[in-house]
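Asker: Sequence:
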Amino acid sequence: MCDTLLPGTPDAQSAERRSIGAKDLIGLRDIGPVGGGDPSIPLLSMSPDKQHVAFQIRRANVGTNDYCLGMVVVDLAMPGSARLIDRGGQYMRATFDQFGLAHVPTGFAAIITPKWSPDGQWVAYLRRDGGVTQVWRALAEGRGGEAVTQAATDVEGFAWTDDGQSIIFSTTPDVDVREAAIVEEGKGGFLFDARFMPAERSTPFPSAAETRTYQVVDLASGAIRPARPVEITRVSPVEVLSDGEVSKARSPDGAIATLALADGRYVNSPTVLFIQQKDGLEKRCASEVCSRLQTIWWSADGSSLYFLRRSGWAAEALSLYQWKAKEARPQQLMTTTDALVGCQLATEALICAAEAGKQPRRVVLISLKSGEMTTVFDPNPEFAHLQLGNVTRMHWRNHLGMEVFGDLVLPPDHKPGEQHPLIVVGYESRGFLRGGTGDEYPIQLFAARGFAVLSFQRPPDYGDIFGKPTSSEASERLDRVDWADRRSVLSAMENGIDAAVATGAVDRDKIGLTGFSDGASSARFAVINGSIAYKAIALSHCCEDTTSLSLMNERLRGRRNSMGYPRLADNPKPFWSAYSVRLNAERFRAPMLIQLSDEEFRFSLESITALRDLNKPIEMYVFPDERHVKWQPVHRLAVYNRNLDWFDFWLRGLEDADPTKTEQYRRWHALRAQPSATMGAPLSG
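Position 122, counted from 1, in the sequence shown is what numbering that gives the first Met the number 0 calls 121; the numbers after and before it change by one each time, with no gaps.
Among the hints, a few may not be true.
Said to hold, decoys possible - Calculated pairs, BS3-like style, for lysine-lysine (alpha carbon to alpha carbon, straight line, at most 30 Å): (1) Lys277 to Lys357; (2) Lys325 to Lys49; (3) Lys247 to Lys414; (4) Lys368 to Lys323; (5) Lys247 to Lys282; (6) Lys22 to Lys368; (7) Lys357 to Lys247; (8) Lys323 to Lys49; (9) Lys325 to Lys357; (10) Lys323 to Lys277; (11) Lys22 to Lys660; (12) Lys282 to Lys467; (13) Lys368 to Lys49; (14) Lys368 to Lys467.
In short, the hints are calculated from the structure, not lab data.
Since this is a predicted model, take the numbers as computed values, not measurements.
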């Protein structure tokens with residue numbers, strides 16, 4: 000598998016079109032974290048001469064349950080010229096400091112941003128081996144990489160010195176010291192305090208108060224010295240923003256472009272764009288096209304400002320604009336419904352990672368003159384030879400009049416007049432339709448099995464659209480007044496299902512529902528409050544319920560209280576009656592498959608116990624060493640296959656003949672025979 004980390008040219012036999020399989024999705028070569036992403040995420044790194052781009056490539060290996068990793072350089076003038084300058088290392092999962100806790104792990108890939116030496120000869124990057132992350136470097140022309148730091152704890156950030164002779168790097172050694180102190184503390188018992196997050200582990204986390212250490216390594220001698228203050232700012236630059244300012248960009252000649260909130264009192268205020276010219280005069284963009292901005296860049300000569308903005312129905316598209324210094328209004332260069340990620344400004348083009356509904360992520364150049372998009376590196380050329388379901392972009396509104404979009408995917412062999420069982424997948428539908436948010440519900444694999452799939456984009460939060468919140472907590476509190484945001488999403492989903500049924504290609508009596516994270520919350524709310532009788536359900540998370548706050552630490556619990564959640568000492572029914580699974584267990588009649596991480600399964604116990612008390616048809620799995628997003632390839636494959644089997648069984652009456660699944664189907668037949676398994680029959684009354 001690692002020998003094919005870079006794609007070759009498909010031979011004639013492999014170029015023949017064939018059906019897609021689970022391993023085709025699991026084995027995709029990825030650039031950056033999976034998902035539609037953000038145009039400003041730093042996935043790609045431009046060389047100083049703007050002629051080359053470097054990035055990390057990653058491919059899952061189910062056989063070894065790990066990942067093949069490499070560093071790639073592409074010559075922008077020679078599409079298809081990718082070369083692997085280093086290969087190896089361990090998969091790096093992102094970690095965050097949150098709710099007062101240090102280095103809380105996740106399951107999604109850390110963003111690896113390579114950095115070029117000032118002379119463009121070397122590429123430096125973070126690489127993990129033996130459980131420790133170090134700075135490595137490799138010659139841009141190839142020949143393999145070498146470690147340049149030997150830190151005892153993970154390197155978290157780095158930068159080149161101006162002369163390219165040294166690398167500045169940062170570590171947080173006291174985290175390991177405090178983890179060791181926690182082990183020692185356990186000998187006398189742990190004080191149960193704010194360091195505990197019971198949902199995640201049974202020991203305290205280190206607190207997020209930590210000291211970062213900055214050092215400089217001389218590349219010739221290996222000598223280490225403390226970093227000077229000016230060097231520290233290269234690793235951890237501080238952007239000075241005034242109240243209401245969102246971001247700034249400085250031109251080569253000293254002009255400053257600022258993106259700011261029009262009214263800094265409200266977190267959902269529209270943004271404004273203005274330029275403070277080097278002579279001190281201010282130029283403000285009064286055009287509507289200067290709203291919904293994602294990121295901004297100056298041209299090399301400072302004569303133009305370029306920006307990407309959300310546009311179109313429900314902000315489904317991205318548009319690139321140029322604002323020339325001598326013109327009053329920006330000019331549109333291009334618009335696309337492709338998801339653009341990690342964009343950087345080259346000399347005459349914008350370089351991005353791009354993905355479309357049926358096209359996995361690739362590296363593209365977008366001309367600043369014509370707006371034309373050209374592929375310079377496709378990591379998955381084999382994908383073009385797979386038989387994929389047809390994708391139709393659909394538009395509709397929810398009960399509040401909010402614009403919503405989604406994609407209806409039909410089987411590759413669909414014929415006019417045929418109707419298919421429908422599976423609903425959320426809650427993002429930008430970019431490549433892989434497996435929905437969290438990548439657990441393989442859209443094209445469902446289509447290949449004969450299902451129609453509705454992938455829908457969740458509308459924006461209710462509080463951000465219909466309120467004037469002064470904080471994110473205030474916005475989320477508005478969301479939960481009579482569960483206004485959940486009702487907004489519910490009507491968006493149900494109206495989308497109606498639109499899919501109206502095409503004539505969907506069997507209204509055979510609808511399955513899925514949910515990951517926020518989508519799982521929306522799915523549960525739909526069962527309790529919706530009008531559609533789902534025939535089968537699959538969830539990746541469960542469940543926010545009346546006692547969930549007991550599994551959180553004090554800081555997170557306090558934030559939930561500020562968002563409107565009652566204390567456990569309060570009467571739960573006024574708040575929870577429309578949302579709690581336990582309080583509405585009787586309404587759950589469709590068979591439900593739940594596949595959870597061991598980090599989060601404790602959240603499910605209240606809900607699952609209530610459902611099982613009423614003999615509801617449920618099957619639940621817990622995956623070891625997993626997080627909110629599951630990261631292990633063997634687990635991801637198991638989740639894919641079980642979801643496929645589940646909906647085949649309940650919506651199409653089909654069973655896999657694999658003898659290893661005999662026991663699985665015995666259990667499912669038993670679920671079907673349970674008195675409460677009414678296959679999603681509508682509630683009476």
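Asker: Broken hints, numbered, in rising order?
Answerer: The structure breaks hints 1, 3, 6, 7, 9, 14; every other hint is satisfied.
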